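**Student:** As a plain string of letters, each chain reads:
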Amino acid sequence: MTTRKVKNSLEEHARVGRARAGRYWIVWAALLVLTVATYALSRLHLEHPWGLVVALFIASAKSALVVLFFMHLWDHGGANRLVFGTSVFFVVLLIGLVVLDNATRFVLANPGRGATLSREPPGPDILSPRFPPEPAAPGGFPGGERGR
Amino acid sequence: MSQSPATTPPAPAEAPGYNPRNYLNAESGVASWLLTRDHKRIGIMYLVLTTVAFALGGFFAMLLRLELLTPGPTVMSAMSYNRMFTLHGVIMIFLFMIPAIPGVFGNFFLPLMIGARDVAFPKLNLLSVYLYLVGAAIALYGMVHGGADTGWTFYTPYSTTTVTKVVPILLGAFVLGFSSIVTGLNFIVTIHTLRAPGVGWMKMPLFVWSIYATSIIQILATPVLGITLLLVAFEHAFGFGVFDPARGGDPILFQHLFWFYSHPAVYIMVLPAMAVISEAIQAAARKNIFGYRAVAFSSLGIAFVGFFTWGHHLFTSGQSTLDAGIFGVLSMFVGIFTAIKVFNWTATLYRGSVKFTTWFAYFCGFLFFLVFGGMTGIALATVALDVHWQDTYFVVAHFHFIMVGSVIMAWLAALHYWWPKMFGRMYSEGWGLVSSVLIILGFNATFIPQFLLGNYGMPRRYYSYPERFWPLNVASTAGASLLAFGFLIILVYLLVSLKHGRVAGPNPWGSRGYEWMTLSPPPPENFLEQPTYPRPPHDYSDLGAAEVTHAT
Amino acid sequence: MRPEAYVAHHFPNLQQQEHAARLGMWLFLATELLLFGGLFTVYSVYRFLFPETFVAASGLLDVKLGTLNTVVLITSSLTAALGHHLAQHGRGRAAALALAATLVLALGFLVVKAFEWTHDFHEGLLPGRYYSYRELTTPGAPMFFVVYFLLTGLHGLHVILGMCVLGVLMVLAWRGSYDHGYSTPIELGVMYWHLVDLIWIFLYPLLYLI
Chain A
1 MTTRKVKNSL EEHARVGRAR AGRYWIVWAA LLVLTVATYA LSRLHLEHPW GLVVALFIAS
61 AKSALVVLFF MHLWDHGGAN RLVFGTSVFF VVLLIGLVVL DNATRFVLAN PGRGATLSRE
121 PPGPDILSPR FPPEPAAPGG FPGGERGR
Chain B
149 MSQSPATTPP APAEAPGYNP RNYLNAESGV ASWLLTRDHK RIGIMYLVLT TVAFALGGFF
209 AMLLRLELLT PGPTVMSAMS YNRMFTLHGV IMIFLFMIPA IPGVFGNFFL PLMIGARDVA
269 FPKLNLLSVY LYLVGAAIAL YGMVHGGADT GWTFYTPYST TTVTKVVPIL LGAFVLGFSS
329 IVTGLNFIVT IHTLRAPGVG WMKMPLFVWS IYATSIIQIL ATPVLGITLL LVAFEHAFGF
389 GVFDPARGGD PILFQHLFWF YSHPAVYIMV LPAMAVISEA IQAAARKNIF GYRAVAFSSL
449 GIAFVGFFTW GHHLFTSGQS TLDAGIFGVL SMFVGIFTAI KVFNWTATLY RGSVKFTTWF
509 AYFCGFLFFL VFGGMTGIAL ATVALDVHWQ DTYFVVAHFH FIMVGSVIMA WLAALHYWWP
569 KMFGRMYSEG WGLVSSVLII LGFNATFIPQ FLLGNYGMPR RYYSYPERFW PLNVASTAGA
629 SLLAFGFLII LVYLLVSLKH GRVAGPNPWG SRGYEWMTLS PPPPENFLEQ PTYPRPPHDY
689 SDLGAAEVTH AT
Chain C
701 MRPEAYVAHH FPNLQQQEHA ARLGMWLFLA TELLLFGGLF TVYSVYRFLF PETFVAASGL
761 LDVKLGTLNT VVLITSSLTA ALGHHLAQHG RGRAAALALA ATLVLALGFL VVKAFEWTHD
821 FHEGLLPGRY YSYRELTTPG APMFFVVYFL LTGLHGLHVI LGMCVLGVLM VLAWRGSYDH
881 GYSTPIELGV MYWHLVDLIW IFLYPLLYLI
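Chains as they are written, first to last, in my numbering: chain A, 1 to 148; chain B, 149 to 700; chain C, 701 to 910.
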């Protein structure tokens, strides 16, 4: 896992160098545009979860630009990319599984009684459900109410 | 095959038995040690430091077992007992288990095994020793002022509200974490960039693969511990309420963050042990490893999949059942990689030509305890079973089987296998075998009763217990005394061997591992002439000693 | 000094040494990512548990200043990248000026941040038990500010550290240490600075634009 060999001659270096410097300005402009975009989109107050999704998407795009071009991951070798990619993966794993825990817990085990994904809140006491079971439909299956 | 004298174990007549100009005596004076950049000297410094730490942690363990000799208070109060087990845990884990094998044997042998002259960043290597010392000093300050009583796991909300000196210990552990990160960083870069020509990825010694996997875990997991300990320290000092239910905080969040590090941490402890065993077993059997790729990749498998399993420490804490199910299944999955290694090591021994040395005795202990400790781990990963066993002595016995039974046996195996290379002297084989028997038997006597106690329901971290648990606790304490005695004997004969041991020569075991291809003790620049690597490590196929000379 | 003089005894050549230095820096940046990852986890959990309160509390922060800071930091990343670029081409003094510009922008960032924090202190928008803002009293509000101060505080600490590193590099570049083909220290310092910018790129929408 080695990097590409650095070019030897200074002229070659200078030529490539001028192109590279231009690259930085373009990336900077793109970052500013994306910043404006994320600000503008946030003012729309998109309904949850789209506001968060859009914000994270734009932030990821900006980070990708910084990492690939300012930090030269576009040019440099596989080991560096593996390191960066792996650490991002593990951050996502950590956040994902922890939030999944809070999202799927027994609702009273969460602080602040914030909403969970889908659980029905408990009834008047912990043991009785909020909505009692439906009575068996008349003319339903054999052995039902009418059968007694 | 013509090879120059310094590149392969030279013929007995030519080679100096004891290398007269070696890394130990090439420079003298305290400053040459305190400012050294030589990875071998750094390894020796780690050896001294971790041995002292082990002795201290073992001292606390003996006090614990002494207290548990009788039901009710024996020699200390409940509060003191809490501090004892906290300090035992903190010292053993952060000051010994995490740094020991990578710090001593990783530092000493990694460059030798890949034909390098040093690690990639020698000054950073020295920094890691000083970070260890600073972290240890801070934690020691806390210990001297009474120590913490939270357990080494620092669970909130107790750790954020206790009056004991938890903050110095947290900060000490934080600094020690940096030492660990620096070591891991150094090793990864060394393996990527300093392998000599001929040492390709698939021709590296297996020790290097496992150390590489360990280093990955150190880099990725330790920072999360760092931020978590800082959060606890902040909350303890300032009452921010991150983990305080009264302020809308979630105590279980602490457990998630803590165990995100601490579960991979146990793989930081066990992977280097497996690294040692992979080397020793090939030398013991005089046969190359069965399934090189499987063993190499299983190290990476443990490193990665080990990150997906932390929630099995939270089964009874209030975690959601969905997460519990996910973590339960993934915890089962991680056992597969260890099983791959166990089967491959056993297959390596099969029809090999084994000489029963002290370090081979430790390998036998390692294997036995890894299998049983590992299997009880898989059992604990079953959520329904864990409900019964959580926070009992069953868990304590499980992790001591791995920590002591596997990791420390591997540590001792490494010490005895590589002692001649590191110091150029042989120790007394008789005393070695005697102490290995004492240790293995003592270990069994200490921890098997604890499995039974845990299953009967004795909780952990309790200084007193009902009378029906008395006999098993006595048995456990007796075993611990045997263990301690065994360790003392080892210390004595190893120290004696430094002065009075028989000169070892470059390769007393006839091992074909790459690290043996230099003099004993090694010269400061590692090799007099850069070795060449025409064969893979541990290639004994030309010897005809084993019935089956080549495993695969 | 010729570049070859910088090669340490255990490295075969300069290229390998530079590759090792870069890989080492990426590994260190990985640890920083995981460090902040822990704090982002705390943020995610409490945002999940207190969604409306987080929206309300975020509204109490000054979005304009946050956006300004984002632009400042992005521009400082540009000047830092240009600084490294100039150093690579042996133009040490120009590189030092670019790094100086980076430092000025970083200082601007800190000044704006200090202004924001002072305003929050006066309003009573403080973490945990120090929270005393009467208009928003749901349980998640102090928690938002715990997360806000921890995240921006740790980030600010990294800005200060980055400034120290870049300051040293700037002085050395001005003195011509990097004019002869060896500019790895600048590359590494600038990488650290880009990480600081990277973290803010995520902090900005997550704290200010909820």
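Keep in mind the hints are simulated off the structure, nothing from the lab. Treat each hint with caution, since some may be false.
Unchecked claim - These stretches of chain A come out as covered by chain C in the derived footprint (C-beta under 8 Å, 3 or more residues): (1) 24-36; (2) 102-110.
Said to hold, decoys possible - If you only want the chain B side, here are some residues facing chain A, beta carbon under 8 Å, derived: (3) Met-224; (4) Ala-226; (5) Leu-368.
In this text, all values refer to a predicted model and were calculated from it rather than measured experimentally. Even for Gly, the Cβ is constructed at its ideal location relative to N, Cα and C.
**Student:** Between the region 102-110 of chain A and chain C, are there enough contacts, at least three residues with CB-CB distance under 8 Å, for the coverage claim to hold?
**Tutor:** holds (count 3)
**Student:** Could you check if Ala-226(B) really has its C-beta closer than 8 Å to a C-beta on chain A?
**Tutor:** violated, 29 Å
**Student:** Has the region 24-36 of chain A got at least three residues whose CB is nearer than 8 Å to a CB belonging to chain C?
**Tutor:** holds (count 7)
**Student:** Mind checking the CB of Leu-368(B) against every CB in chain A and telling me if the closest is under 8 Å?
**Tutor:** At 5 Å from the nearest chain A Cβ, Leu-368(B) passes the 8 Å test, so the hint holds.
**Student:** Quick one, is the Met-224(B) hint okay against chain A at 8 Å, beta carbons?
**Tutor:** violated, 36 Å
The structure fails to meet hints 3, 4 from the earlier list, while all remaining hints are met.
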